[in-house]
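Q: Residue numbers (full-length UniProt numbering), protein chains in the order written: chain B, 1 to 302; chain D, 1 to 175.
Treat the hints as calculated values from the structure; they're not laboratory data.
There's no promise every hint is true.
So the derived label-pair ranges between C-beta atoms look like this [what the hints assert, rightly or not]:
id	chain 1	residue 1	chain 2	residue 2	range
1	B	P59	D	P168	27 to 33 Å
2	B	D274	D	A63	52 to 58 Å
3	B	G134	D	D136	46 to 52 Å
4	D	D54	B	S37	20 to 26 Å
5	D	A63	B	D156	24 to 30 Å
6	D	A25	B	E258	55 to 61 Å
7	B	S162	D	P168	30 to 36 Å
Since this is a predicted model, take the numbers as computed values, not measurements.
From the three backbone atoms N, C-alpha and C, an ideal C-beta is built for every residue, glycine too.
Here are the chains, one letter per residue:
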Amino acid sequence: MEPFERYRPIIDDFEAFLAACERPLGNAVRVNTIKSSPERATATLEEDDVAYEQAEWNPRVLRLETDSPGSTWTSFHGFTHGQEEVSAVPPVVLDPQPGERVWDCCAAPGGKATQLAALMDDRGTVVANDNNLGRISALRFNAERLGATSLAVTNDDARNYSMKRFPFDEFDRTLVDAPCSCEGTIRKNPDALDNWSEGHIDTIAGIQKGILRRAIQTTREGGTVVYSTCTFAPEENEAVVQHAIDEEDCRVVDFDLEMEHAPGLTEWRDEAFDSTLEQAARIYPHHNDTGGFFVAKLEVTA
Amino acid sequence: MSDDSSTDLRKNDGQQFGRLPETDADRTVEGRVSRVAVVDYFEDRFAIPPETFDGYTFWEKGAGKIWLYSGEADSPLEIEAIGMTCLRTRQEHWKPTTDFVQRFGAHASECVIDLDREAARRFAAGEDQELEWDGDWGYLIAAHTVAGEREPLGIGLYVHGELRSMVPKGRQRVL
Numbered sequence: 001m002e003p004f005e006r007y008r009p010i011i012d013d014f015e016a017f018l019a020a021c022e023r024p025l026g027n028a029v030r031v032n033t034i035k036s037s038p039e040r041a042t043a044t045l046e047e048d049d050v051a052y053e054q055a056e057w058n059p060r061v062l063r064l065e066t067d068s069p070g071s072t073w074t075s076f077h078g079f080t081h082g083q084e085e086v087s088a089v090p091p092v093v094l095d096p097q098p099g100e101r102v103w104d105c106c107a108a109p110g111g112k113a114t115q116l117a118a119l120m121d122d123r124g125t126v127v128a129n130d131n132n133l134g135r136i137s138a139l140r141f142n143a144e145r146l147g148a149t150s151l152a153v154t155n156d157d158a159r160n161y162s163m164k165r166f167p168f169d170e171f172d173r174t175l176v177d178a179p180c181s182c183e184g185t186i187r188k189n190p191d192a193l194d195n196w197s198e199g200h201i202d203t204i205a206g207i208q209k210g211i212l213r214r215a216i217q218t219t220r221e222g223g224t225v226v227y228s229t230c231t232f233a234p235e236e237n238e239a240v241v242q243h244a245i246d247e248e249d250c251r252v253v254d255f256d257l258e259m260e261h262a263p264g265l266t267e268w269r270d271e272a273f274d275s276t277l278e279q280a281a282r283i284y285p286h287h288n289d290t291g292g293f294f295v296a297k298l299e300v301t302a
Numbered sequence: 001m002s003d004d005s006s007t008d009l010r011k012n013d014g015q016q017f018g019r020l021p022e023t024d025a026d027r028t029v030e031g032r033v034s035r036v037a038v039v040d041y042f043e044d045r046f047a048i049p050p051e052t053f054d055g056y057t058f059w060e061k062g063a064g065k066i067w068l069y070s071g072e073a074d075s076p077l078e079i080e081a082i083g084m085t086c087l088r089t090r091q092e093h094w095k096p097t098t099d100f101v102q103r104f105g106a107h108a109s110e111c112v113i114d115l116d117r118e119a120a121r122r123f124a125a126g127e128d129q130e131l132e133w134d135g136d137w138g139y140l141i142a143a144h145t146v147a148g149e150r151e152p153l154g155i156g157l158y159v160h161g162e163l164r165s166m167v168p169k170g171r172q173r174v175l
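Please work from the sequences and hints to get the whole structure.
A: Written out as structure tokens, the structure is:
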């Protein structure tokens, strides 16, 4: 937990934050509405005597009281998909509509890409890309298990992504759930900080900036880009969004999020960020007893 | 079959997705089945209404492996995947996939075998079991009742009084 000391000045109730990071995380699943309504999924859980609690901010997110969420009929039928509660936030913020063209540029293993398809009633096109071929098989497996027919899976570097293979030139919405230092997954992966260093953070931030810029370039004017990470480091969050608004035609916009969170930062060490970054959300583990997450919503302006 | 021997038909390229021709007469790739043949198969075998597939396109990648997709794409296409694999053709008995059956099997009303909870458990675990069935032999949709409604489990092969679970290893579960 030593690396987290750098966040003491920016996190309210820092001791509660540290204490939450020490606690293991429970099992959460998302109801896959491509195959089941929330009512049918919860009725199936009740039939199997699996206790659950619906998340207040999203009735499609269930906290299960079982040690083996994969060994339930709901899981076998693809009614539910194991997905951390905060990881279900970015697709909801992106708010894709049926029939749209949506890009998930870092999509493996597919929890969010299939959630996007479900939010679109599995109608439209969700291009699920990942640069890691090894993780593409997990993405494909999950897409088929969950019955998502609107996914097109590609294996490329998002930073110089080519639109040539599609019969359209731009996306309506893009999700950049960027590769990151994963500090916020500490409750799930106790070794998440093993290779932590500021140098590593700077390297990843460079990649994140490249991906977010390409995402904005490939999204139509008036379209939406959501940038998210599962880390606390401002270098990978506000600083990346700041770089995007400096270099590309876009602005940070507000969004509703009915779970406890802190606003994005307007300064970090000797760096100042645009005041609009307050509209981003920092979700800390002690807020809602979840993992940690950062989400920012951007509108493409040209 | 005469079409297949015609010299102007291309060989199937296993590395790319090619959209199925509407009918056999529109075929440009050797041995490729048509959309009509695929939709007819699902109707003839399982009584799945053809209009179930309005808004979906069918594609082949890999010899005989048919994919079903609802998004936009040009043919041919070289990417990792589109939609889901739904059917294996280019063999004597066409075989639907378990994932397709779970997604679309609720539209079927023939060749569906209803299992009780214990038999469903064994099916999901990949076990073969002796069961009574007085319908056609061959590939069947196995189903059970979940929360008061029939829910397809996956594809099974019924022969000689035995239902063989075709649920792929990675999808099998001990429940």
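Q: Tell me the hint numbers this structure goes against, listed in increasing order.
A: 3
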